[in-house]
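Novice: Each chain, written out:
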Amino acid sequence: MSLKEINETFKEISSMKPLSLLKCTKCDEKLERSYKEGEYATKVVEDKCPKCASPMYVKLIYVNPPPQPQSSY
Amino acid sequence: MVLQFFPNIPLNWMTVRTLSRIADKLKVLNEFDIRGKKTLAEQLKKYGANVDKMNEYVQEIVEYFDIGPVDRDPYGILNRLEYIIDLSRFRLRSLLKSYAPNIDEGTLSTLENTAAVANILHLINKVAKHYYNLAKKFRNFYIAQQIEFIMPQLIDLAKNYYKALPATTQQIPIGDGIGPLVIANMYRKYNVAEVKDVGNEMILGEAYFENRKLLLMKAKGPGGTVGKPGASVKQIVDLYKDAIKVIITIDAASKLEGEETGSIAQGIGAAIGDPGPEKYKIEEAALTYRIPLVAIIIKQGFNEAISPMVKQIATKVDEVIERVEKLIREMVPEGGMALVVGIGNTLGVGNGA
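In the order they appear, the protein sequences are chains G and L. Start counting the first sequence at 25; every next residue gets the next number (the working numbering). Start counting the second sequence at 1044; every next residue gets the next number (the working numbering).
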C-alpha cells in the first residue's frame, strides 16, 4: 500500500457516516437516521414515533461497512 | 561473468532495492503515526490542555509503556499482572486528567481509548523503523527481507487501529462493544428501571423473565471502558452463591478468515479476552459453586472489533437476546436465577434505565 492508496483510506474513514436506529418506547416502530453527536445506545432522544408519537430511544448505532473489493475467484 | 568474481554486488544491490521499498512503506506508517498524534492533540485541546506544551504532552502519552510481571517464577503472576494493569491505567488516567483539566470522568475513559490508539500507532511505526535502520546499519539483506515480508501486515494493523479513532472521538460503539450493547438492549426489553453501580466500573440491573430472575451486568457507559467484569462476577456470585444456576458471558470473538462477520456461536467457558486476571476470577467463581459457565460469541475480524460497529454486527443484538432466553429456559428452573454478563468496551453504549 502506497501513500497515495492510503489517502483513499483516510478519505473513506472521514466520509464514514454513523447511523442511529431508533425504537419507539411504546410500540415496535423503528426508524433509521443519521447519528447525532452526544447520542449513545439506550438514550431517549427528542424524535417522536411516527406511528404513535411516543418518545423514541437509540437502540443501535452503526456504520455501513465499506464496499469490499471483488474477489477474482 | 564479471559478477562471479564479485559475489557481493548482486546481494548489495538487492539490499538497496529492498530498503528503498521499505522506506516507501515506512512513509505510510509515519503518516498514521502523525495523524494519531494530531487527533490526540485535538482531543486534549478540546478539554483544556495548554497548547504551548502540546508536543510535550502528546510525546509523553505516545511513549507511555508498562512492563509485564516476571514470569520465570509464575507463582501469583495473575495478581501481579492485575496490579500492573490497574496501576498502568490509573497512571495514564492521572496523566490525561492533568493535561486536560476540563475533562469529566465519563469522557476521560473515551480519551483514554484515543490515547491508547495513538500510542499503538506510534509503537508500530517505531518498531518498523527500528528494523529498517538495523538492516541499513549492517547492510543486512536478510533483516531487510523479514521487515519487508511483514510490512503489509503492519500497515493493515495500523490502518485498523487508525479506523478506531473516529469511534473514540465521537463516542460511537465499536465492534467489541456488542456484549454491553446486548445487555443495554435487555435493560430496555425487560424495562429495568434502575441499575446499580457494583464497583469496578460495572453496573448490574435486575429483570424477570418467565418466572426467572436475571442479573444483567455490563461496564458502566457510555464512556469507553471495559470495567473489571471478573471482580464483579465474583462479588455477585459470592453474594447469591449457588442460587445462580448459570453464568452466561457474551463477547465479541475473532473470526477465522472465511467465517461470516456477525455469526453467533455458543460454547462452554468464560468468553472474555483479557490478559488473564478477569477470566481467572470468573472461572474461579463458577468453579467454587459449580455453576455452569456458558459463552456466546459474536464473530468478527480484528479490524471490525476495534473500529465503529458495522450494521452486520449491531443487528445481531435481538438474535443474541433470543439465544440467551432459550438458554435460560433450558438451564434455569422457574424461580431460579441467571447471571448474564456483556463483556467488552462499552463506548457509546448507555446504561439502559
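Please note that a few of the clues may not be correct.
[To be verified] If you only want the chain L side, here are some residues facing chain G, beta carbon under 7 Å, derived:
1) Ile1215
2) Leu1224
3) Pro1265
4) Gly1310
5) Gly1393
[Claimed, not checked] For lysine-lysine, the following DSSO-like pairs were computed, each having C-alpha atoms within a straight-line distance of at most 27 Å:
6) L/Lys1284 / G/Lys41
7) G/Lys28 / L/Lys1080
8) L/Lys1239 / L/Lys1202
9) L/Lys1239 / L/Lys1298
10) L/Lys1202 / G/Lys35
11) G/Lys60 / L/Lys1089
Everything labelled a hint here was simulated from the structure, so no lab data went into it. Where a beta carbon is used, it is the ideal one built from N, C-alpha and C, also for glycine.
Novice: Holds or violated: G/Lys28 and L/Lys1080, Cα atoms, limit 27 Å.
Specialist: 20 Å, holds
Novice: Against the 27 Å threshold, does the CA-CA distance of L/Lys1239 and L/Lys1298 hold or violate the hint?
Specialist: 34 Å, violated
Novice: Starting from L/Lys1202, check that the Cα of G/Lys35 is at most 27 Å away, please.
Specialist: Holds, at about 12 Å.
Novice: Quick check on the hint: L/Gly1393 CB to chain G CB, less than 7 Å?
Specialist: With a minimum Cβ separation of about 4 Å from chain G (threshold 7 Å), the hint on L/Gly1393 holds.
Novice: Given L/Ile1215 as an interface hint, is its Cβ closer than 7 Å to any Cβ of chain G?
Specialist: 5 Å, holds
Novice: Going by Cβ atoms only, is L/Gly1310 closer than 7 Å to chain G?
Specialist: With Cβ-Cβ at 25 Å, over 7 Å, it is violated.
Novice: With a cut-off of 27 Å on the C-alpha distance, tell me whether L/Lys1239 and L/Lys1202 pass.
Specialist: Outside the cut-off at roughly 38 Å; violated.
Novice: Could you grab the alpha-carbon distance between G/Lys60 and L/Lys1089 and see if it respects the 27 Å cut-off?
Specialist: 19 Å, holds
Novice: Hey, does the L/Leu1224 contact hint survive, CB to chain G under 7 Å?
Specialist: 6 Å, holds
Novice: Quickly compare the C-alpha distance for L/Lys1284 and G/Lys41 to 27 Å and report which way the hint goes.
Specialist: 46 Å, violated
Novice: Under 7 Å, Cβ to Cβ, is where L/Pro1265 needs to be relative to chain G, so tell me if that hint holds or is violated.
Specialist: Nearest chain G Cβ about 4 Å off; hint holds.
The structure is inconsistent with the numbered hints 4, 6, 8 and 9, although it conforms to all the rest.
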